[in-house]
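J.: Order-wise, the sequence lines are chains A and V.
The numbers in the first sequence follow the working numbering, run straight up by one, and end at 107.
The numbers in the second sequence follow the working numbering, run straight up by one, and end at 1421.
Among these hints, one or two may not hold up.
Said to hold, decoys possible - Residues from chain A shown here face chain V by an in silico Cβ test under 7 Å; the list is partial: (1) V14; (2) G21; (3) S23; (4) A45.
Unchecked claim - To be clear about the criterion: a stretch of chain V counts as covered by chain A if any three or more of its residues have a C-beta under 8 Å from a C-beta of chain A, and this derived list gives those stretches: (5) 1035-1048; (6) 1299-1305; (7) 1328-1337; (8) 1382-1394.
Because the hints were derived from the structure by calculation, they are not lab data.
Bear in mind the structure is a predicted one, so any value in this text is a computation, not a measurement.
Heads up, the beta-carbon is just placed ideally off N, CA and C, and yes, glycines get one too.
The primary structure of each chain is shown beneath.
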Amino acid sequence: MPRVRYIEPDGREVALELAPGQSLMRGAMDAGLSGLEAQCGGNCACATCHCYVQAGWLDKLKPPSDDERLMLGNVAAELRPNSRLSCQLIVEDALDGLTVQFPDRQS
Amino acid sequence: MDSQAPIIIVGAGQAGMQIAESLRQEGFGGALILCGEEPHPPYQRPPLSKKWLIDAGAVGALTLRGPAALERLKITMKLGTRVRAIDRSRREVELADGARVPYGKLAIATGSLPRTLPVPGASLPGVLALRGIADSLAIGAAIRRCAAEGRRVVIVGGGFIGLEVAAGARKLGAEVTVLEGLPRLMSRVTAPVVSEAFARLHRGHGVQLMFGAQVAEIVGHEGRIAAVRTVDGQEYRCGCVVVGIGVEPDDLLARSAGLLCERGIVVDDCSRTSDPLIVAAGDCTARRMGDGELVRLESVQNAIEQGKSAAAALMGRTRQFINTPWFWSDQYDVKLQMVGLSRGYDQVVTRGDLAKPAFSAFYFRAGRLLAVDSLNRISDHMQSKRLLDHGLSPTPAQAADLQFELPSLLKGSREATADEA
């Protein structure tokens, strides 16, 4: 299974093996990571699962939908060019090694 | 605090889970017991009337935290366990099997219960309401059966739950009638212009909407539902009835224990109840606002925010819930996002295209922004949320003007600028 590395706001790294098809948000919630809230549970309605995608991976991801792009426009932490919502990032084999970092706050 | 006695959390929903997790984050190292009536570990409820209803998957897809995470948090999970009573003088809770468990401090997060229809026939099999996973599965199965047999689904109540279930039932191929007692949809929380947009949406998807329709009786035939009869004598033949007429806070335990309750467990901004050893969070509470009014919010955000405050209070710290409330709903291809509380509004202006629909309704009182409902206007929602968080307000004319950039108001605000830094 593809491995995804998460970096928590305090810098701690967690690597998880995730089944293809599930979202990065789902994997992080299951594992009890603290850097996200995911208040709407993956409906792209709250922007509280914001993450920064590590250099080199951004162009390997499917581009954000219009909804995600609009939600990202007003995330609580700093918006960066590599900002994404982790509920919209779906695990696939080609993403083995993907690394994302959670910001210091989500709401 | 007695270091021997655990903190007990009654209720294993979104709020209960948040309290447990925040307690660990706040550094609580003592014993922690989470009691839930359902057999499931803490899970998300919003999908139960949305995606899950039409496409129920594994329960694991709904759970808030996985088993390994719960283990790491060192929470003693007592699932399938009803708490029967709270004995405040002895600082014990009594479980349904009679066992008594001492607590050092206590958190109540018992949620809410669907209101029931006070009419004959309301207890017939096939009259359904939504609270938990089992209810969602039962409603989904009943709708599918109706669709297969060509029988109609009658939904009583044109609020969020009723309308989300109506949208789901149409997707599953059933004929749907919504009976709403008042003259418009979601009248308790939205302006007429929003109600009308949703009425057009549902009618456009083939839902029959009946207003001023008070249910008199659910008519059974040989133990099964045959029809719903309204007070004006109309009969709506159907195969199942879904009742979505709002919820009541589940404050029975707290009331029986003598805690101050007023249609919900009364808490302050920091989730503290009238007993210094007891906090409460989520749907079961009524929060005393600055102006003295009691506000009851039924939302995930409220459960999370009050849960964080409750955990802080248990640790002897104050963490006020000051964020602007927000809610959302999905119906067909319309994403409804609401921010702020519109109670007491005296003016509504709209921004965007009403017909599409892709617009927002801005609620004002005396020219100041109170709340915004956005239909497929994600930017309006997110931008308004920030304005409300910072106590900023566009003028009604600015809000209505699509050329006016709402975020431009943030630039002039020192508070907002400091926030960005």
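J.: All hints are to be evaluated individually against the structure, with a verdict given for each.
T.: Structure-based check of each hint:
1. V14: 11 Å, violated
2. G21: 11 Å, violated
3. S23: 10 Å, violated
4. A45: 4 Å, holds
5. 1035-1048: holds (count 3)
6. 1299-1305: holds (count 3)
7. 1328-1337: holds (count 4)
8. 1382-1394: holds (count 4)
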